[in-house]
Amino acid sequence: MTSPNAYDVTTWPVGDATEDVGAVINSIIADIKRRQTGDQGAKPGAVITLPPGDYPLRTQVIIDVSFLRIEGAGHGFTSSSIRFNVPEADWPDLHELWPGGSRILVDLPIVEGADESAGAAFLVERSGDPRISSVEFSNFCIDGLHFVSDGSDLHAENTYVNGKTGIHVASANDSFRVNGMGFVYLEHALTVCNADALSLHDNFIAECGSCIELRGWGQASKITDNLIGAGPWGHSIYAENHGGLLITANNVFPRGASSIHFTGVTRSSITGNRLHSFYPGMVVLDEGSSENLVSSNHLLRDLEPWTPFLDVDNGQDDLFGVVRVNGSNNSVIGNHISHVVDAQRIRPSDAVPVIVRLVEGAGNLVSTNHVVAIDMRAKSSGSAYAAQVDALLTTEATDALPVTTVLVDPASTRNTVLDSGRETEVILDRAVNAFRATPAVGS
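Going by our numbering, the sequence shown runs without a break in its numbering and finishes at 456.
Just so you know, the hints here were simulated from the structure itself, not pulled from any lab data.
Predicted model only: the values in this text are computed from it and were never measured.
Keep in mind that the hints are not guaranteed to be accurate.
Pairs of lysine to any residue residues, derived as SDA-like cross-links and limited to a Cα-Cα distance of at most 20 Å, are as follows [to be verified]: (1) K46 - D67; (2) K56 - D166; (3) K56 - D33; (4) K46 - A19; (5) K46 - S16; (6) K56 - N192.
Each pair of labels, with its calculated beta carbon distance range [claimed, not checked]: (7) T320 - S380: 39 to 45 Å; (8) A127 - H383: 45 to 51 Å; (9) P423 - L107: 38 to 44 Å; (10) D142 - T24: 31 to 37 Å.
Heads up, the beta-carbon is just placed ideally off N, CA and C, and yes, glycines get one too.
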């Protein structure tokens with residue numbers, strides 16, 4: 014039996030999904046609102062299905078109904094960056110050129126100076142009470158198609174700039190889900206404002222300027238089991254003014270300006286993630302972020318091996334800290350941090366790189382973190398895949414690399430640093446901080 018609340022964009026009689034799927038979905042949402050008047054208080058919502066195929070989106074989708082699920086038949090992600098950096102003469106020999114699955118092709122007109130939300134394929138916005146709830150995006154790809162020149166020397170397809178966003182949630186919301194999605198070549202993949210009980214799970218979000226941005230405020234949300242890779246000037250995972258946020262089991266690829274960045278976030282957890290970055294500032298707890306747990310993560314900081322991005326960085330030097338804390342009563346416990354860089358490329362040139370830096374605040378605990386610091390001669394390659402795999406699998410080192418495993422600035426006091434560096438590797442004022450060194454061999 015066919016439900017009247019189940020829609021297929023390819024069979025809906027209004028519009029043509031192969032010409033403008035945005036207009037089709039907006040027509041479907043209008044039908045949902047027309048039929049589900051809620052006379053008895055019931056509005057069951059609907060499912061909109063995107064069968065496998067390419068669907069140009071030339072009209073922004075406005076979602077202002079709860080209990081709506083938009084689902085496809087495959088996240089369809091494939092690397093656009095690798096393709097665009099292959100000589101065009103070689104394209105005919107590639108098995109496929111574009112992402113696949115159920116794919117939305119974002120082809121919105123971008124107006125210079127317009128609000129970021131104007132470039133969103135999907136804009137979720139509704140005023141009044143109750144908050145919009147239970148909107149789900151599942152199992153399709155949102156593709157920004159191309160980046161554009163930003164006036165720099167970078168190839169236009171490597172700028173991470175195009176004014177396009179995949180999903181922008183502008184209104185306070187409850188129990189949203191974004192699961193099994195693919196996002197590629199968007200300046201902002203997913204931006205959610207004022208979220209309560211948000212679930213972002215098992216998505217592939219890469220080759221986007223910024224990947225996940227939780228803005229405004231929020232509570233009791235989770236970011237789990239995602240594959241994430243941002244551009245060098247954007248955020249991989251960013252959250253502001255959130256409480257009770259859980260970030261677990263994510264694999265964050267390098268090149269984002271940060272792997273995880275908290276601004277004013279409290280009582281939240283960063284646990285069991287694999288984080289990889291080409292720059293300092295991998296995990297940043299900023300603007301008074303307090304009572305957070307950073308535990309059991311694997312952090313790898315090494316150097317960019319792919320030729321097109323060799324001279325690109327996030328603007329931070331090696332004194333910034335791989336993990337940087339501006340806040341109080343945070344716990345940084347039991348993390349493995351691999352710092353594998355070429356000593357000749359440390360900035361400033363005479364600096365001793367800092368691994369964990371407590372900048373401001375009080376009462377932080379840094380305990381039993383294992384730092385492996387290696388001076389590795391940098392190699393580069395024109396093949397993104399080969400260069401990265403070779404770098405990850407190489408463990409032979411020229412020498413150990415001197416580092417400051419923990420640096421506590423004067424503005425940060427009453428901290429406890431335990432077993433996270435030898436006597437010579439930790440810098441702090443023992444009059445206002447507690448310290449126990451990692452035992453040296455033979456001591």
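Next on the checklist: Please verify whether K56 and D33 have alpha carbons no more than 20 Å apart.
Outcome noted: Roughly 27 Å separates the two Cα atoms, so the pair is violated.
Checklist entry - If you check the beta carbons of T320 and S380, does the distance land in 39 to 45 Å? => result holds, 40 Å
Item to check | 20 Å limit on alpha-carbon distance, applied to hinted pair K46 and S16 | outcome: holds, 16 Å
Checklist entry - Taking the CB of D142 and the CB of T24, does the distance hold inside 31 to 37 Å? => result Holds - the Cβ-Cβ distance for D142 and T24, about 35 Å, lies within 31 to 37 Å.
Next on the checklist: Checking one constraint from the list: CA of K46 to CA of D67, max 20 Å. Satisfied?
Outcome noted: violated, 27 Å
Checklist entry - Is the hinted pair K56 and D166 satisfied, with a Cα-Cα distance of at most 20 Å? => result violated, 53 Å
Checklist entry - Taken at face value, is the distance from the CA of A19 to the CA of K46 at most 20 Å? => result Holds, at roughly 14 Å.
Next on the checklist: Range first: 38 to 44 Å. Now tell me if the beta carbons of P423 and L107 are that far apart.
Outcome noted: For P423 and L107 the Cβ distance comes to about 56 Å; the hint is violated.
Item to check | Restraint check for K56 with N192, where alpha carbons must lie at most 20 Å apart | outcome: Status violated; Cα separation ~23 Å.
Checklist entry - Does the Cβ-Cβ separation between A127 and H383 fall within 45 to 51 Å? => result holds, 48 Å
Hint compliance for this structure: hints 1, 2, 3, 6, 9 are broken, all remaining hints hold.
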